[in-house]
Amino acid sequence: MGKRESILQYLITHLKTITSFSSSVYEAFVHKPNEQQLPIIIITDEGNSNVNETTSNSTYTMNKLKVSINVLAKGSDSVATVRNYIGDILSTIGNDVTFAGNAINTIYIDDEIKYDWDNDKISGATINIEVYYRTTSFAIN
Amino acid sequence: MIRAVDEFFNLHDFAEYVKVGGVDYVAIFDDESIISDNNDVVTSKPQLIMKADDVEEFAYNDEIIVRDTVYYIKQIMPDGYGFATIIISKDM
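Listed in order, the protein sequences are those of chains A and B.
To convert, note that position 120 of the first sequence is 120 in the numbering used here; the numbers rise steadily by one, no gaps.
To convert, note that position 8 of the second sequence is 149 in the numbering used here; the numbers rise steadily by one, no gaps.
Just so you know, not all the hints are guaranteed correct.
[To be verified] Straight-line distance between alpha carbons at most 27 Å, and here's what the computed DSSO-like set of lysine-lysine pairs gives:
1. Lys231/B - Lys160/B
2. Lys160/B - Lys192/B
3. Lys160/B - Lys16/A
4. Lys16/A - Lys114/A
5. Lys231/B - Lys64/A
6. Lys231/B - Lys192/B
7. Lys215/B - Lys186/B
8. Lys160/B - Lys215/B
9. Lys215/B - Lys32/A
10. Lys16/A - Lys186/B
11. Lys192/B - Lys215/B
12. Lys114/A - Lys32/A
13. Lys114/A - Lys66/A
14. Lys160/B - Lys114/A
15. Lys114/A - Lys231/B
16. Lys64/A - Lys16/A
17. Lys231/B - Lys215/B
18. Lys192/B - Lys114/A
19. Lys231/B - Lys121/A
20. Lys32/A - Lys192/B
21. Lys160/B - Lys186/B
22. Lys121/A - Lys16/A
23. Lys121/A - Lys32/A
24. Lys231/B - Lys32/A
25. Lys231/B - Lys186/B
26. Lys66/A - Lys32/A
27. Lys121/A - Lys64/A
28. Lys32/A - Lys16/A
[Stated by the list, open to error] Here are some chain B residues the structure puts well away from chain A; computed CB gaps all over 12 Å:
29. Val167
30. Val182
31. Ala200
If you are wondering where the hints come from, they were derived from the structure by calculation, not from laboratory data.
The beta carbon of each residue, even a glycine, is placed where N, CA and C say it ideally should be.
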């Protein structure tokens, strides 16, 4: 398993330690979640890029991996609930920004909260993070 | 006198009783499945078609009981022809 995969698997495993999400953290959730499945976390690998690090050894590449974390909840107080979940998620990531030594650092970029009010009040947040990690060139997986 | 609008609320067809403030009103209930606009969640959009005259005193967040489920009124939209669409939600 490469570093990119290790980082994402570590993220999934550790987000499941948040009480409300012990069995509801998914990647590549290709269908739309049903409201009965909430609360839920869906993580997405948004892509990797070379950040053009100049090193003495050109066989290494510094990578920036963009990851979005979508968290959804329902109920009258779902806005406040989602805000709390954002705190829980960032706190969990902050416990080890190296993802068990696979990354050099992780940066919180931003988050956005959106609301819907249909059968239930549904609130969702997308948290964007960037994970910086080094690999040998052309060994990104 | 039976008004034209009354003919649409036949209890032997699609109309049923709903309760607001302890009073029964006739309404046609619709709960179509949808994907929410902003969060892409599969949910439903419950709404009622009612007589505009009946809903004049209804207000935002009034409790309305439909099929033994408590909903709250979120939007009242008269159409100008004697009907009104009432958007409801299970969350206050």
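Looking at the structure, which of the earlier hints fail to hold?
-> Violated hints (numbers, rising): 3, 5, 10, 14, 18, 20, 27, 30; every other hint is consistent with the structure.
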